[in-house]
Amino acid sequence: MLSERLLKDGRTLCIRNAMGQDAEAVLAFVHRVASESDFLTFGPGEFELTLAQERAFLDSLLVRSNEVYLLGLIDSELVATISFAGGSRPRVRHLGEFGMSVRQQDWGCGIGRMMLETLIAWARSGDVVKKINLRVRTDNARAIALYESLGFSRECTLRGAIRIHETYFDNHLMTLWV
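What the sequence shown shows, in my numbering, is residues 92 to 269, in sequence order.
Keep in mind the hints are simulated off the structure, nothing from the lab.
Heads up, the beta-carbon is just placed ideally off N, CA and C, and yes, glycines get one too.
Do not take every clue at face value.
[What the hints assert, rightly or not] Beta-carbon label-pair distances, calculated as ranges:
#1 I255 to G199: 19 to 27 Å
#2 R233 to T141: 30 to 38 Å
#3 H256 to G101: 37 to 45 Å
#4 V219 to G251: 26 to 34 Å
[Claimed, not checked] Calculated lysine to any residue pairs in the SDA-like style (CA-CA distance at most 20 Å, straight line):
#5 K221 to D166
#6 K99 to D166
#7 K221 to S179
When you get a sec, could you build the whole thing from the sequences and use the hints?
What follows is the structure in structure tokens.
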């Protein structure tokens, strides 16, 4: 998958599938964004895959019909990721959940919307994925507004789903049928 999109500020975002050769850049990106936001499901030092494990993971996704890992690049620099993991058993292969990260200095440029639109288009282009799920902290108003603008709806609230130090946060489960 390759897509080029023009950002609000005139830069070009290239969206493509991640491959094993991207493992080092992906790990560096994940470690960076972990310290930029408490809205992620992981914090600094909590993502512990080795380079070899990440490389093998990214290569394995290239052959799965209900999983994908996309990179968003500006001038060959990784600025965003979005990954979707579908169910492994026949009864749940039609649904899965995504996670997305955008580099903090690029928030507000439309990158998250473009990454998610690309993921939705990928899901609609196949015949396996029918339902996209996500979990978002209930206090992440910007993200919730983005998801709702793309047709996602809230299914439920998961109380105390995230714990940072000794503080608990609720998550909404939101879904989109494709």
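Hint check results:
1. I255 to G199: 19 to 27 Å: With Cβ atoms ~24 Å apart, the hint holds.
2. R233 to T141: 30 to 38 Å: For T141 against R233, whose Cβ atoms are near 33 Å apart, the range 30 to 38 Å holds.
3. H256 to G101: 37 to 45 Å: Once the Cβ atoms are compared, 40 Å apart, the range 37 to 45 Å for G101 and H256 holds.
4. V219 to G251: 26 to 34 Å: Holds - the Cβ-Cβ distance for V219 and G251, about 33 Å, lies within 26 to 34 Å.
5. K221 to D166: At roughly 33 Å apart (the allowed maximum being 20 Å), D166 and K221 break the hint.
6. K99 to D166: 16 Å, holds
7. K221 to S179: Status holds; Cα separation ~14 Å.
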